[in-house]
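Chains as they are written, first to last, in my numbering: chain R, 26 to 174; chain X, 1498 to 2261; chain Z, 1450 to 1980; chain S, 5 to 288.
Take these hints with a grain of salt, some might be off.
[Claimed, not checked] Calculated lysine to any residue pairs in the SDA-like style (CA-CA distance at most 20 Å, straight line): (1) K1711/X <-> P2196/X; (2) K1839/Z <-> L1525/X; (3) K1946/X <-> L2000/X; (4) K1839/Z <-> P2196/X; (5) K1839/Z <-> R1657/X; (6) K1839/Z <-> W1972/X.
Please keep in mind that the hints were generated in silico from the structure rather than gathered at the bench.
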Amino acid sequence: MAEAELDLLQNYLTVGAIVFMLGVVGLIARRNLIVMFLCAEMMLQGVSITLVAFSRFHNDWGGQMLVVFIIAVAACEAAIALALILMLYARAGKLDAAYWQEMREENVPPYIDREVPLERLEERRWPDLAPAGVAPEINEEEQSHRSHV
Amino acid sequence: MSDWTTIQKLLVAIPALPLVATMVTALLGPRYLRGKSHLPIVFGLVISCVLSLELLRQLNRAIENHETGIGYETTVDLWTWASVPEAYDGSGSRKTIGDSTGRLITDVHDASDSSGPFHIAVTLRADGLTCIMLAMVTLVALLIAIYAVGYMHQDRGCWRFFTYIGLFVFSMTMLVSASNFVLLYVFWEAVGLCSYLLIGFWYEKREAAAAGTKAFLVNRVGDFGFALALFFIWTVYGTLNFHDTQNAPGVLGQERLSSMQQEFGRPGESGEGHPRGAQDQDVRTGYVGGGIGLAICLLLMLGACGKSAQFPLHVWLPDAMEGPTPVSALIHAATMVTAGVYMVARCTPLFAVDCAPYLDPRAVVATIGGLSALIAGIIAMTQNDLKRVLAYSTISQLGYMFLALGTGSLVGIIAGMFHLFTHAFFKSLLFLGAGSVMHAMGGVIDMRKFGGLRRLMPMTFWTFLAGALALSGIWPLAGFFSKDAILAAAYDVGHGEAAYASLFLWLTYAAFLTAFLTALYTFRAFYMTFFGAEEIPAEAGHHARESRPIMTVPLVILALGALAVGWIFGQPGATKSGFAGVAASTPSLAVMVHPGYRALDTAAERKSAAERKSAAEKKSAAEKGSVAEKGLHQDSHRRVAIISLVLAVLGIGIAGFLYLGDAREVRAIIQWPVMKQLHRISYGKFFFDPVYWILVVLPGLALASICYAFDRWLIDGLVNTIGRIPSGIGRLFRNMQCGMLQTYALWMLLGVLTLLGSAVWHMW
Amino acid sequence: MNPQVDWNTVWLLLPELLLVLLAVWAYVAGAFSHYRNGSNAILLAGLILGGYLLTQQNPSHGLWDGTAVQGNPIFSGPLIVDPFGHTIRWLVLVVGGLMLLSMWRAGPEDLSTEYTGSLFLILAGLMIVTRTDELVLLFLGLELVSIPTYIMLFIGRQRTAAHEATTKYFYLGILSSGLLLYGFALLYGATGTMQLREMPDVLAISGAGGGTLIRLAPAALVLVIAGLGFKMAAVPFHFYAPDVYEGTTAANAGLLSVAPKIAGLIALVRIMLAGFMKPDLLELGWQMALALALMTMTLGNVMALLQNNVRRMMAYSAISHAGYLFIGVAVALAVASGEVSSANVGGISAALFYLVAYALATLGIFATFVYLAGADRELDHIDELAGLSKSRPMIALSMTICLLSLTGVPPLAGFWGKLELFFCALCFDPKTVDIATRNWFGVLVIVGAMNAAISAGYYLRLVGVMYFRPAGKSVQPTGGSGPMIAAIASAVLVIAIGMMPAWFFERTNRAAEPWQPIVATTISNHASEAR
Amino acid sequence: MIAIATIPPHELPKWYEIVLTSPFAWAIGLVMVGLWLILPRGNARGRWFGALCGIVAIGLLAWHVPRLCGWLDESVFDGLAITVVVACGATISVRNPLYSAIWFGLALVGTAGLFLLIGAQFLSVATITVYAGAILVTVLFVIMLAQPEGHAYYDRLSWEALLSAVTGTILVGMMTSVIGHATSGAPLPGERTPGMALEIIHPRGSDRLASVSVAAAGIAEEDREAGILAEEHVAGFGRELLGRYLIAMQVAGALMLAALVGAMAIVVHGRRTDGRQAIRIGNM
């Protein structure tokens, strides 16, 4: 029985660590502010899995309690983050984390994307989302738009 | 705080009030008080003055209750200023300070809890010297502040002036009540700072700014000596407290010390006053003599010379007259310049050491004093600036005081302090009178430009006359008693059998000569100002009239003081609570009448003791009583008194002969070959300034330019190279700070990885 | 030892409750009225009331029922009541008062109550952090410090730089709280409890041959240091600080340089000396703290030399001072890890004293910046300070005092702080700590002293600009009297501490006392285990 | 029960032996390559290969970790775990934020399942409700508000894909090996050999003196039934939440208030302009 408990623990901890790691990698690598926020939540998921596993192993409520409060805090952060993201988008017109690099040491050159990939033909079929039921206009120009930084 | 005695409360309140007043003025002055900036200061000083008189009364009572011991003092510990705690002495044991009631303060602030190798407490002490100085300082400051209300009323920087004055009074009261050398040094510097600020008060005037700088620089020389002396004292005695220095551990012998502690507790341990030195302990064995002792004394004396404007560091004081006249009266005549005298008197036990193979420190003190007195007296003869005459006169009188301290006998020291006390009255009176004249003359202070003012300014005239007579030493005014006591003390030593008897004999003659000169130059100034044809400079304009009552009332009060203080306090038969009694109750002085105490010159002391119905063998209390009861005027000194009185009258007469009328006699006299040279020297102020210029300033400049070149080309290069290293490192790391959010996250994560790797490595 | 929450626990939280209520009041009242002076005055009065409540809870007087004995913490529910927390709560109140003064007119007019309300939630969070004895509550307290900070950063000023600052702080903040949480989770796994007070016992046993889960503890240690190091702005978790300080307002920068640092230090001390109370873990801990201290001090100072923006310079200054705080932590851990016969609590005490000195001086400087900035402008370049000594001598003087204190010029507060830190890092008991350890701490002190010299380079540069540079564009201080009072009050406090450091040393020493018995018991347990 | 004392401390093999013979090391390497390849890098070359690498790596890891007891447990857990990991990987690798959010939703569902499996019923419901139901929906809403056209160049680019993949992989490698060592019960080479079962004070025991075994928490099944695995799980949860964690609840309330007011303040403040035109949000 005890072996089983320990094995269960190891399995869960491994899953938790992987999820946490994927969140970290996403936070570092992805540049979309929304996706970055999701990745941060993913880190918290990893922690939650770990905590719940420990809680089971120690037969202690503490871990589960911390998970409850992690969910609460995540909700708070989400509220702040989403309001923030909306306002940042209103200001910058894009959700690129790399846009926000005005504050840096003097004499350090800004980071500029060396190559912005062209939209490839087979990848063109993005769904256009209608926020409030208005039929989307298909803008051919925008579909093959090449962005600049 | 509630368990403080009345004396302790008073002692804290006296400096606190000027401090509070200063803060109020500084904060509210520029915006709200403006022309009324004097109110807080004057108000604070009134209370402070009343309190310090009350303190004197309380002290008297306390002295009477402590008949048995030698001396009386009370300390009050405010807080520990600096203490290197013992907690980290390596043993790991830590003393838990404080108890469950949360009364941390009393434990921590216990000055006797020398919980570390270096422990400095902010502690005040009250004893005879301190109380006399406090009373004098607050009283004179109060009168001068009132005077300044009238004097400064038109000045835009009124609030600044009163702020500085308040700060000065605070610093000065703290200086005289400080209980250890560090505090003394701090406030020593603080009064110097106030002096600097006030000399340069009218900083738009080039001379004023220059004079301020000069005062500061010359004082630095003295302070340097003082600081060195402190280091020496720390090294030798292991303490910087006055009371500890008097029975320093390791000097007295450990058994004596511990037995003393058992009997009396450590000094300063309780707030109570306690008798000291009741055992017949050879007090002198507690002090270190020889070369070190001499060095300490000389360095202290250097500090005193700077602050008290003694030869050869006296050059700053005459220039300091560029400041407002109340400042000259308060700081540069009555109080701050006497700090040096006070300090030397306070350190009497240190000066009394036997430096056998070397010079005797007291002879040095006396010589400097006598020389200063004479030289300043000669210079004062020819000055035309009324305030400068008074400034040189101040130097001269301070010289008297040092001469008195240099005699080393109790009588002499008390005489010096008494002269300090009376001098404060009549010299500030004279300065204020000069200020009044200056005020009326529209800022002109050159005596050649005005004259015959006695009808125009009757009030000033009469009060100035009182001051001048007192300064000249005419019986029964204040100056007579104190100066006479000094002359008598010097005379005694000179006619004794001391090693330096002949030196003192000469110094006595010089002092007599100075007494004559004093009368001469004082009345020269007096006649030139108030007699002769009425002459008013153009600058005066419609100002030329008697000053307002707010200025003359302090003059009158001071004049009454100048008339009476000598008579009241210096008379034979004055009570034991008189000046001599109070001063002699100071522990550091009281040890001198202790049977075990061996004076500089046993023979002279014995002789004077014989004249006091002598008793080296008699009980100390009785002896002290004899000093106190008889006052400073011993019967046998009538001879000295008569000589000095005659000299003074002679001086006044000669001055009248020379300077009443058109002064053609003077011009005739100056033509005499000897007098011509003398006049040249005197008029050139003994050429101190040019000599200093050549000897000190020019080499300094040359050295500075050499150093500059060296520094510019060699050191700078080196330093710059080293100095560039940090910013060079900074540039290396600069690129990490590229502004990209995700770069930062990556760096953070790399940091975590590094730490994690080291942790895993550590655990493997 | 009842872990349940009872009335006593609630009473103990009365000051926190008061602060939260004030914040709620500000939020609600702000919806109806934007009268800034009135609400600020009420909040200030609330702070004073909080101070009164604190005096009622003085641990040395016995708490409400007189059960508390000085030095021995008492527990109530998830709370710990000890002189340490109590001292920090006083610091929080003082800091809160100064911040409220310097934020008197900060933030937009119509959001002023949201702004100050958030400040009060931060203060409440800080107080909770000082008192908590449990990882859950500790995490929530830290979040209560962070989340209102995000809000204040955003609404501090309407400009792109402020948005950028908020973005960076927010995203890096949630990354760091993720790391911290993972550390908490692993610590929970290693000890099986959330209560800090129970951890030393568990660790002592498993260290002597218990469960292998103890092997998670080093990883937990690293992650906790990373998460809290972010709050304290320690290298290499400091990257946000310069950009965020530069982008946001001076008032917010002042907040950022003090509040998270207090929270981080307190949480670090609490967790380290409970959750990792095992000799080998503590050894790892002090080595890391020492490495962080070395890097943080040096990097902060050398980078500050290059700056021209005042807030950016102060950010690097804040980083370097975090390094000094880590000296104290390292000493405390090193002492606890050794086979000590008598606990030397000097490290904690010194760090605490340094924190006080640092917080006051830094707040004074930022209050000056607030005063010199204005409603619609920030003080950016150093040269804008030129001629300040002429135009505003009082402010120039108070700022100079604060700068000199940060440099460590005697006899100001910062000097005593550095002295105490260096002293406690040098004076290990040679009998208990081996020579290599002492050598490392010797290196640490040398580097610290060199850094103090380097820091003089940029602090005195500010002083020089204020005093010796003729005024260019005249600065028009429009910050109002609140920041001015805060600046001068800070300078006065700095001087006061410098004048009578002994009193404050005693306070901080007593605050550090709770660790004495804990260290002793742990070691004795360990020793008996070995036997 | 694992008898630890019987396992002798073994020699530490050479590092290349570990690397070459350990499926764990291969898994980590594959994770690295796979992550690098599937992160958006501006072109789609090798994405499928990356996904393949990832799947193989997951398989290897699953093989590396110990089996659970029953095949039912095993298969349910494996299914949920692989769902979670794959969904998370997809979240960070797909280029459209909308798809990211949806994949994340799947990950949340998987997590909820994992919670359910290990005796955290309430949490699993809460995760679905709060995370998937509230937070994720809000995220989707914001995506639609802010980026309705669904694609942007910065979604097609990663910042330093290789570096972040390497960093993350090293992190997970360290963590999993630490976890493995902590839960395998084998003593570390440098560690003193622990003794046999000890009577230790377990903080959670009813009288704080429960007898626990060494390597595994030998909490008896009946104790566990009284704890988090009790029938009345939610009741126990609530008792704990409103008993011991009451203060934390209050603090969380304050936090929620701050977030609520803060979000409104941010929107109110952000809508103002300071000379620059606010883009787009006005006409939404």
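Each hint, compared with the structure:
no. : hint                : verdict
1   : K1711/X <-> P2196/X : holds, 17 Å
2   : K1839/Z <-> L1525/X : holds, 19 Å
3   : K1946/X <-> L2000/X : violated, 42 Å
4   : K1839/Z <-> P2196/X : violated, 35 Å
5   : K1839/Z <-> R1657/X : holds, 16 Å
6   : K1839/Z <-> W1972/X : violated, 55 Å
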